[in-house]
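The residues making up each chain are set out below.
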Amino acid sequence: MKTAAAIVVGCSSGGFDALRVLLGGLDPGLSQPLLVCCHSGSETIELLCELLGRVSPLPVIAAAERHAVRGGHVQLAPTGYHLLVEPDRRFALSTDPRVNHSRPSIDVLFASAAVAWRETLIGVVLTGASADGAEGLRLVRRAGGCAIVQSPVSARVPAMPQAALDRAGADYCVPLADIPPLLNRLCLPRP
Amino acid sequence: MQPLPDELACEAIELELFVQAMHRRHGYDFSQYAPASLRRRVRQLAERLGCDSISALTGRTLHEPRLLPQLLEGLSVPVSDMFRDPAVFRALREQVLPLLASYPQINIWQAGCAHGEEVYSLAILLEEEGLYERSRIFATDLSANALRQAEEGIYPVREAQQWSRNYQAAGGTRSLVDYYSARYDLLKLDDRLRRNITFAQHNLASDRVFCEAHLVLCRNVLIYFSNPLQDHCLALFRDSLVRGGFLCLGMCESIDFAGNAGDFAAFDAGARIYRLAANTVAMAVP
Ligand SMILES: C[S@@+](CC[C@H](N)C(=O)[O-])C[C@H]1O[C@@H](n2cnc3c(N)ncnc32)[C@H](O)[C@@H]1O
Numbered sequence: 001m002k003t004a005a006a007i008v009v010g011c012s013s014g015g016f017d018a019l020r021v022l023l024g025g026l027d028p029g030l031s032q033p034l035l036v037c038c039h040s041g042s043e044t045i046e047l048l049c050e051l052l053g054r055v056s057p058l059p060v061i062a063a064a065e066r067h068a069v070r071g072g073h074v075q076l077a078p079t080g081y082h083l084l085v086e087p088d089r090r091f092a093l094s095t096d097p098r099v100n101h102s103r104p105s106i107d108v109l110f111a112s113a114a115v116a117w118r119e120t121l122i123g124v125v126l127t128g129a130s131a132d133g134a135e136g137l138r139l140v141r142r143a144g145g146c147a148i149v150q151s152p153v154s155a156r157v158p159a160m161p162q163a164a165l166d167r168a169g170a171d172y173c174v175p176l177a178d179i180p181p182l183l184n185r186l187c188l189p190r191p
Numbered sequence: 001m002q003p004l005p006d007e008l009a010c011e012a013i014e015l016e017l018f019v020q021a022m023h024r025r026h027g028y029d030f031s032q033y034a035p036a037s038l039r040r041r042v043r044q045l046a047e048r049l050g051c052d053s054i055s056a057l058t059g060r061t062l063h064e065p066r067l068l069p070q071l072l073e074g075l076s077v078p079v080s081d082m083f084r085d086p087a088v089f090r091a092l093r094e095q096v097l098p099l100l101a102s103y104p105q106i107n108i109w110q111a112g113c114a115h116g117e118e119v120y121s122l123a124i125l126l127e128e129e130g131l132y133e134r135s136r137i138f139a140t141d142l143s144a145n146a147l148r149q150a151e152e153g154i155y156p157v158r159e160a161q162q163w164s165r166n167y168q169a170a171g172g173t174r175s176l177v178d179y180y181s182a183r184y185d186l187l188k189l190d191d192r193l194r195r196n197i198t199f200a201q202h203n204l205a206s207d208r209v210f211c212e213a214h215l216v217l218c219r220n221v222l223i224y225f226s227n228p229l230q231d232h233c234l235a236l237f238r239d240s241l242v243r244g245g246f247l248c249l250g251m252c253e254s255i256d257f258a259g260n261a262g263d264f265a266a267f268d269a270g271a272r273i274y275r276l277a278a279n280t281v282a283m284a285v286p
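Protein chains in written order, with this note's numbering: chain A, 1 to 191; chain B, 1 to 286.
Honestly, the hints are just simulated from the structure, not real lab data. Be aware that one or more of the hints could be misleading.
[What the hints assert, rightly or not] Listed next, the stretches of chain A that the computed footprint assigns to chain B, with coverage defined by at least 3 CB atoms under 8 angstroms from CB atoms of chain B:
#, region
1, 62-72
2, 86-94
3, 106-113
On a predicted model such as this, the values are computed, not experimentally measured, just so you know. All C-beta atoms in this analysis are idealised placements derived from N, C-alpha and C, irrespective of residue type, glycine included.
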């Protein structure tokens with residue numbers, strides 16, 4: 001793949017702990033944006049941002065409607081809205097019906113990001129109990145992007161990564177602990 | 001898997017042609033809608049109508065005029081809830097309505113009313129605050145199908161639990177059950193709630209101001225519009241509002257990039273309630 005321009009991450013049940021591991025292992029020098037859709041069920045996203053911000057070397061903020069996607073920042077989908085990325089890489093929100101019982105839905109984020117970044121996008125599917133993200137990851141790969149799936153055996157809840165593997169396949173299927181170094185390798189300029 | 005960037009480029013062209021067909025054949029201009037959601041909806045619409053590409057959908061758009069209501073409904077996706085974001089309805093009840101109470105007649109414009117859930121929520125608020133007799137709500141939407149359903153006020157009964165919780169959290173003084181009757185799996189809102197509501201088709205992208213409003217409620221509608229169309233709508237609202245009138249937008253909407261945002265002052269920033277700034281002189285929208 002070409003040098004990665006952006007990363008999208010989807011997770012559901014068990015996602016909070018998985019995100020702590022993933023974000024905690026990132027290199028502080030990453031300049032790509034990292035967009036996260038996590039079905040958290042909490043009322044607002046602010047608390048999640050704060051808790052993840054404590055372990056992440058990159059600032060963690062809520063994605064803001066119409067604002068440009070920010071490089072070197074982790075940006076979370078707000079509760080109750082689908083998060084999309086416009087072709088000009090600004091955030092958009094939608095209150096369209098739930099997809100896979102979820103809003104925000106990973107499929108919706110991934111599908112729009114695949115259009116915005118095409119072959120320079122990395123999609124990551126982590127632990128979770130639904131099949132959300134599987135179709136999105138298929139679209140990421142179809143647009144030429146790279147797919148990373150947490151190996152189901154290493155996932156707290158294997159259904160979601162398994163569904164992603166079944167539907168989209170993966171370029172890398174690795175245990176959670178290996179994902180941050182892999183992202184660092186794919187995203188940092190080669191020496 | 002083979003990368004298919006060409007396919008995405010083709011789809012962008014197909015999308016443009018579809019938008020042109022809607023405009024030139026039916027007079028509905030979606031060119032100023034935010035592209036990511038529009039693309040998603042058009043893809044879904046094509047799938048739902050059994051078209052294997054957007055081009056096929058464009059063909060049917062041109063040749064089957066009877067499809068128009070379905071096309072509009074698919075492109076606008078009227079989803080809503082009663083008392084969604086209860087804190088907002090609480091703020092309207094506790095902070096805005098007391099100020100509107102000084103007017104002998106209160107006009108409220110709800111733009112993008114979908115299936116009417118929020119219109120009836122407003123009617124209940126006004127009723128409970130003793131203001132409904134002198135209020136009129138103009139509920140408008142692009143989609144005639146959506147308006148027809150809004151007028152009926154019939155919803156799946158499975159929503160009742162969540163809506164009741166929302167109603168309580170919004171400071172409801174009674175019980176939501178007092179306002180509907182349930183039969184089988186449907187609930188029907190009390191006909192009396194409709195007595196001061198006028199439903200009308202109105203396209204924010206092309207139609208003009210039609211009333212003088214004290215409060216404009218337009219939540220989660222502008223999120224589907226590009227910046228210029230959002231800005232155009234803010235001008236419409238400004239020109240519709242009386243001096244000191246209120247505008248309520250959706251909880252996560254930003255007007256940071258809108259030239260006309262300066263006409264509105266934050267009244268309750270968290271609830272996205274704005275007030276027409278005192279020094280704003282209404283100008284006709286061209
Ligand atoms: C997501 S719903 C919002 C419903 C409700 N206000 C809420 O927040 O729950 C958006 C509504 O905007 C309407 N809409 C979209 N484009 C419009 C336009 N150009 N003019 C008027 N209404 C429009 C749609 O038909 C849809 O019913």
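Hints, verified against the model:
no., hint, in the structure
1, 62-72, "holds (count 4)"
2, 86-94, "holds (count 5)"
3, 106-113, "holds (count 3)"
Checked against the numbered hints given earlier, the structure satisfies every one of them.
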